[in-house]
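> Sequence:
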Amino acid sequence: MRTTALGAPRPVPGRLLPVAAGAGTIALALPVFLLAGWPFAGWAIAAIVWLGVQALGLLLARVRPSADNLAASSVLAFGMMGRLLAVLVVLVAVAASNRTVGLAAALLYGLAYTAELSVSIASYYTQEPKA
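In the numbering used here, the protein residues as written are 13 to 143.
Hint data in this document are derived by calculation from the structure and do not stem from the laboratory.
Quick caveat, the model's predicted, so the values are computed rather than measured.
Mixed in with the good hints there might be a few duds.
Claimed, not checked - Label-pair distances were calculated between CB atoms; the ranges are:
1. Leu42 x Asp80: 20 to 26 angstroms
2. Gly49 x Gln139: 38 to 44 angstroms
3. Asp80 x Thr126: 32 to 38 angstroms
4. Ala67 x Leu29: 15 to 21 angstroms
We put the CB at the ideal spot given by N, CA and C, even for glycine.
I would like the entire structure built from these sequences, with the hints used as guidance.
Encoded structure:
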């Protein structure tokens, strides 16, 4: 089997830098929200949802899945899907009650998630592949 440079396995990078990128995005958005007159409630909801997702991620990181322990693998899989579903429910509920607050929260959460994902992917591919 042939592997390419992008497909070669690499060690899993740490989570600190990607989480810091998401947190930095949310922190830098606060002055923008305040100066632009955008709804502060949208910023606060996005920040709280993002923190909640990170806290749940820390709990799920303690689960060690393996082929011998299907319960742990199931908890991890459903926990990861549940995280996304919880974000979706909160943001849709907020948007249903107030469009501008919901839009602001959804856009900021999406921006923070994109920053976290981008840094995570970059830190993965900048590592040397395993032999």
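> Please go over all the hints and tell whether each is borne out by the structure.
Hint by hint, here is what the structure shows:
Remark: the range hint 20 to 26 angstroms for leucine 42 to aspartate 80 is contradicted by a beta-carbon distance near 46 angstroms. Range check, glycine 49 to glutamine 139: Cβ separation about 43 angstroms, and the 38 to 44 angstroms hint holds. The given range of 32 to 38 angstroms is respected by aspartate 80 and threonine 126, whose C-beta atoms sit roughly 36 angstroms from each other. For alanine 67 and leucine 29, the hinted distance range of 15 to 21 angstroms is satisfied, since their beta carbons lie about 18 angstroms from each other.
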